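Here the protein sequences come in this chain order: A and B. To convert, note that position 161 of the first sequence is 161 in the working numbering; the numbers rise steadily by one, no gaps. To convert, note that position 81 of the second sequence is 838 in the working numbering; the numbers rise steadily by one, no gaps.
Be a bit skeptical, because a hint or two may be false.
[To be verified] Straight-line alpha carbon distances no greater than 20 Å define the calculated SDA-like cross-link-like pairs of lysine to any residue that follow:
{"no.": "1", "chain 1": "A", "residue 1": "Lys-296", "chain 2": "A", "residue 2": "Val-261"}
{"no.": "2", "chain 1": "A", "residue 1": "Lys-267", "chain 2": "A", "residue 2": "Met-228"}
{"no.": "3", "chain 1": "A", "residue 1": "Lys-427", "chain 2": "A", "residue 2": "Pro-508"}
{"no.": "4", "chain 1": "A", "residue 1": "Lys-658", "chain 2": "A", "residue 2": "Lys-166"}
{"no.": "5", "chain 1": "A", "residue 1": "Lys-398", "chain 2": "A", "residue 2": "Gly-430"}
{"no.": "6", "chain 1": "B", "residue 1": "Lys-872", "chain 2": "A", "residue 2": "Arg-702"}
{"no.": "7", "chain 1": "A", "residue 1": "Lys-147", "chain 2": "A", "residue 2": "Lys-129"}
{"no.": "8", "chain 1": "A", "residue 1": "Lys-258", "chain 2": "B", "residue 2": "Glu-846"}
{"no.": "9", "chain 1": "A", "residue 1": "Lys-129", "chain 2": "A", "residue 2": "Val-638"}
{"no.": "10", "chain 1": "A", "residue 1": "Lys-576", "chain 2": "A", "residue 2": "Glu-599"}
{"no.": "11", "chain 1": "A", "residue 1": "Lys-576", "chain 2": "A", "residue 2": "Pro-508"}
{"no.": "12", "chain 1": "A", "residue 1": "Lys-753", "chain 2": "A", "residue 2": "Lys-658"}
{"no.": "13", "chain 1": "A", "residue 1": "Lys-258", "chain 2": "B", "residue 2": "Asp-772"}
{"no.": "14", "chain 1": "B", "residue 1": "Lys-761", "chain 2": "B", "residue 2": "Pro-839"}
{"no.": "15", "chain 1": "A", "residue 1": "Lys-398", "chain 2": "A", "residue 2": "Glu-428"}
{"no.": "16", "chain 1": "A", "residue 1": "Lys-658", "chain 2": "B", "residue 2": "Val-784"}
{"no.": "17", "chain 1": "A", "residue 1": "Lys-108", "chain 2": "A", "residue 2": "Gly-302"}
{"no.": "18", "chain 1": "A", "residue 1": "Lys-744", "chain 2": "A", "residue 2": "Asp-590"}
{"no.": "19", "chain 1": "B", "residue 1": "Lys-870", "chain 2": "A", "residue 2": "Gly-302"}
{"no.": "20", "chain 1": "A", "residue 1": "Lys-258", "chain 2": "B", "residue 2": "Lys-870"}
{"no.": "21", "chain 1": "B", "residue 1": "Lys-872", "chain 2": "A", "residue 2": "Lys-658"}
{"no.": "22", "chain 1": "A", "residue 1": "Lys-108", "chain 2": "A", "residue 2": "Thr-395"}
{"no.": "23", "chain 1": "A", "residue 1": "Lys-166", "chain 2": "A", "residue 2": "Lys-180"}
{"no.": "24", "chain 1": "A", "residue 1": "Lys-658", "chain 2": "B", "residue 2": "Val-771"}
{"no.": "25", "chain 1": "A", "residue 1": "Lys-611", "chain 2": "A", "residue 2": "Lys-576"}
{"no.": "26", "chain 1": "A", "residue 1": "Lys-743", "chain 2": "A", "residue 2": "Asp-636"}
{"no.": "27", "chain 1": "A", "residue 1": "Lys-258", "chain 2": "B", "residue 2": "His-809"}
These are calculated hints, taken from the structure and not from any lab test. Remember, predicted model here, so these are calculated numbers, not experimental data.
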Amino acid sequence: MTPPLKLSRRGFMAGLGAGLVVVMTPGVAGADEPSGRAGTVPPPEKKLSDGLAPHVLIHIALDGTTTIVCHRSEMGQGIRSSLPVLIGDEIGADPSRVVVPQADGDKKYGDQNTDGSSSIRKQYDDYRKAGAATRMMLIAAAAKRWKVKPETCTTENHFVIHLPTKRTVPFADVVADAAKLPVPKQDIVLRPIAELKRVADDHLPLIDGTAYVMGTAQFGADIRFPDMLVAVIARPPVVGGRLVKYDATPALAVSGVKKLVDMPTPKPPWLFQPWGGVAIVADNTWAALKGRAALKVTWDHGPNAIYNSDAFREQLLASVRAPGTKYRDLGDIDAAFAKAAKTVEAEYVVPHLSQNPMEPLVAVARFDDGRVEVWAPTQNPQQNRTDVAKLLGLTEEKVTIHVTFLGGGFGRKSKSDFVVEAAYLAKEIGGGRAVRVQWTREDDLQHGYYNAVNAQRLRAALDEGGVVMAWHHRTAFTPIGSTFDVSIDTPAADDLQQGVTDVALAAPNVRAEACRAEVHTRIGWYRSVYNIFHAFAVGSFIDEIAHARGADPRQVWLDVIGPARKLSLAELGIPKLPNYGEKLDKHPVDAGRLRNVIERVTEMSNWSTRKGRMLGLAAHRSFVAYTAVVISVVPDPVRVFRIDETWISMDAGMVINKDRVHAQLQGGLVMGISNALYGGVTMTNGATDQTNFRDARVARMRDVPRRIHTDIVASNEAPCGVGEPPVPPVSAALANAIFALTKKRLREIPFAKALHT
Amino acid sequence: MKVKINGVEKSLDVDPEMPLLWALRDVLGLTGTKYGCGEALCGACTVHLDGHAVRSCVTPMRRVDGHAVTTIEGLSPDGSHPLQEAWLEVRTPQCGFCQTGQIMTAAALLAIKPKPTDADIDQSMAGNICRCGTYPRIRAAIKKAAGIDGGDQ
């Protein structure tokens, strides 16, 4: 864990990222510019003048220009359009005077791992305190000059204002004085939330919008240098496989191919190591690709060549048909099942899923004079720095990681493998010559850190009145821990918090067990991770209980969750809950908030008066936020069904940028639909079957309903996660809607396989 | 070979089999056109060839010789194309990566069908993937640019 952000005068400028500075001045279209000309290479680090720098993220120059560093990666979640808004509101800044450079990877920024829906959730208090301290220093300087009490002043629109006399002074005129004052450490006074003016705006603009629509935003592959080389790598098709031999001659015969470089062979555990293989280094991407196609390689596939998805599916199902390790235990489920009036049972299967960000992995690096500099679309620049330093045998001070825009990440770009490859090749090439390691779509699919493959078995004991008296949940999936420790082959408590041990249940008898799932590939996280399959199974199963009872699913959801209350660990039947790193008193398991989003989403969708409409409902708590979804399907002559309308409601506590949260709700719905309909990476003899978007299908325009209604619960509660929580309930809501329409129960993802669409 | 790129005649000495995408990106430095799949499956590389939307990742340079190519950099000098403006008003982009390809496909649609129906949009945009799921706002932005109802999100 990295330390929390600290208020400090020091260290503001060193390492301010060069990677994104160019996007601050969009308008350089680059049209008709020859390779390597200005405008295509990021400018060097800018030195800021003296001024006020009370925090590592904040600097106000003597002319008032305010710099708010974005130290988290922008991958579509909108952090660059959100974090500066919150800090700027606390300062009282004029947004037109604020610039937002992107930070390099550096421990001084605290946690930069843009993952786990945590950028606002975990650092919200720090951001506000940093902005407030800045404001207090500006006010203190102005108050001293005016000989008035600081409490009688405020800031707005880049001015300090003395409220009784309406006197004003621009920030620029007090910055030099403010910079001489001590940075307040205690008694930092936050603004009332009602005074956060831009936070209240429903339609905040996108800070990088113009750069996006003009094509000037620099993603990983857009970093260019004169004489830059391009490499593609032939990697072992099976995890743990290795290069035996290759014939370099046909590859070197391709015009433009310069050299071949053997990549270091990784040893287990895989961690974030590159895969090994051989790199084809060329003048341009096309030559490198042709060189790789010409290369003839012999691989030793290693022990994971036994991995076949069909057989493994059977193993997982066998695993959940036997007892596992108990992680949740409340009451006596055996006694409850023995006297049940009715028992409901079902098994669910979800395959490996691949993140498939639109931008395939890529990184640019150059090595000179014992130092390496990398530009990459990375979610985790500090980890990259550590991993590059380790492989290259450098101290971290000799490694610079610049963060470009990310063309999507979804967890894949949290891993360092692609970044380390570029750094390694840059060192092999040397002389400061830049090299871009370009992954193809095929590479991205074949050399993934896949979401875990899963099977689950759920059982419920109902009494005569249909009340759920016992709940029994078994889950088997390949845990991410295996990527870091080869001995791990069974999920643990930290894994089960995602939709097993944290599920609010009214049932007095509950048992949840983790079952074995040995690992034969690299497992990583993908937007909402294990919640994807747990929410699918639990959300489908509650609907199955409703139909077994002949009751309305909405009512059964509310019954199964039980009355509004905050569940204690004792009531959950668990000794502890990791709770996404949050304390339970701050972020409890709150059945009331889950019920509320169910009530809101069913009201929005006119659930109780739906008549002939075929609706499916599901809800889920993840990343301490609460989300509920209703999906409507209609018959389709060709594709069995079509989604015609969806509703989604989320309680994520206080939100900073409502428009970006609505966008996350829309996007999460689409990704959930995509996972449910088409998701799935399968293995034959250890190698991934899917090659490109033709067989690794994802949602397209026509799969997405024309009417999507998004709802954010207005709240001043502590911010929760936003990026991931919209995804989990979607697949169950869709399965439940399809059941309403067709009476066909889909218990396995992807649905398209069973529906033949 | 000779190609008119964004209105300017260019003389290029490249492998005639090199896809237009890599000539644009690696040789000409026009990086607004994106690589997403290399097989005309995702649309991120969409440009206009003589006014028609094509996937530059599967368009060899020999087919481009003597023709006119427009990329996102040439769609407007200042981001003032109605689609670019509508895209910002609706706040369509999330990560932004696929958006230039989406805009180029939509621009080709509006050029032949200034008032597209939802079905037209489905059909024309079917080849452009967005993993962030901005599809609802892409549809809204196209409608806004076309001045038809439903252009708000």
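Hint-by-hint comparison with the structure:
{"no.": "1", "hint": "A/Lys-296 x A/Val-261", "result": "holds (14 Å)"}
{"no.": "2", "hint": "A/Lys-267 x A/Met-228", "result": "violated (31 Å)"}
{"no.": "3", "hint": "A/Lys-427 x A/Pro-508", "result": "violated (61 Å)"}
{"no.": "4", "hint": "A/Lys-658 x A/Lys-166", "result": "violated (32 Å)"}
{"no.": "5", "hint": "A/Lys-398 x A/Gly-430", "result": "holds (15 Å)"}
{"no.": "6", "hint": "B/Lys-872 x A/Arg-702", "result": "holds (19 Å)"}
{"no.": "7", "hint": "A/Lys-147 x A/Lys-129", "result": "violated (25 Å)"}
{"no.": "8", "hint": "A/Lys-258 x B/Glu-846", "result": "violated (47 Å)"}
{"no.": "9", "hint": "A/Lys-129 x A/Val-638", "result": "violated (57 Å)"}
{"no.": "10", "hint": "A/Lys-576 x A/Glu-599", "result": "violated (29 Å)"}
{"no.": "11", "hint": "A/Lys-576 x A/Pro-508", "result": "holds (18 Å)"}
{"no.": "12", "hint": "A/Lys-753 x A/Lys-658", "result": "violated (37 Å)"}
{"no.": "13", "hint": "A/Lys-258 x B/Asp-772", "result": "holds (16 Å)"}
{"no.": "14", "hint": "B/Lys-761 x B/Pro-839", "result": "violated (23 Å)"}
{"no.": "15", "hint": "A/Lys-398 x A/Glu-428", "result": "holds (16 Å)"}
{"no.": "16", "hint": "A/Lys-658 x B/Val-784", "result": "violated (41 Å)"}
{"no.": "17", "hint": "A/Lys-108 x A/Gly-302", "result": "violated (41 Å)"}
{"no.": "18", "hint": "A/Lys-744 x A/Asp-590", "result": "violated (33 Å)"}
{"no.": "19", "hint": "B/Lys-870 x A/Gly-302", "result": "violated (56 Å)"}
{"no.": "20", "hint": "A/Lys-258 x B/Lys-870", "result": "violated (48 Å)"}
{"no.": "21", "hint": "B/Lys-872 x A/Lys-658", "result": "violated (31 Å)"}
{"no.": "22", "hint": "A/Lys-108 x A/Thr-395", "result": "holds (16 Å)"}
{"no.": "23", "hint": "A/Lys-166 x A/Lys-180", "result": "violated (25 Å)"}
{"no.": "24", "hint": "A/Lys-658 x B/Val-771", "result": "violated (48 Å)"}
{"no.": "25", "hint": "A/Lys-611 x A/Lys-576", "result": "violated (44 Å)"}
{"no.": "26", "hint": "A/Lys-743 x A/Asp-636", "result": "holds (15 Å)"}
{"no.": "27", "hint": "A/Lys-258 x B/His-809", "result": "violated (36 Å)"}
Taken one by one, the earlier hints fail for this structure at numbers 2, 3, 4, 7, 8, 9, 10, 12, 14, 16, 17, 18, 19, 20, 21, 23, 24, 25, 27, listed in ascending order.
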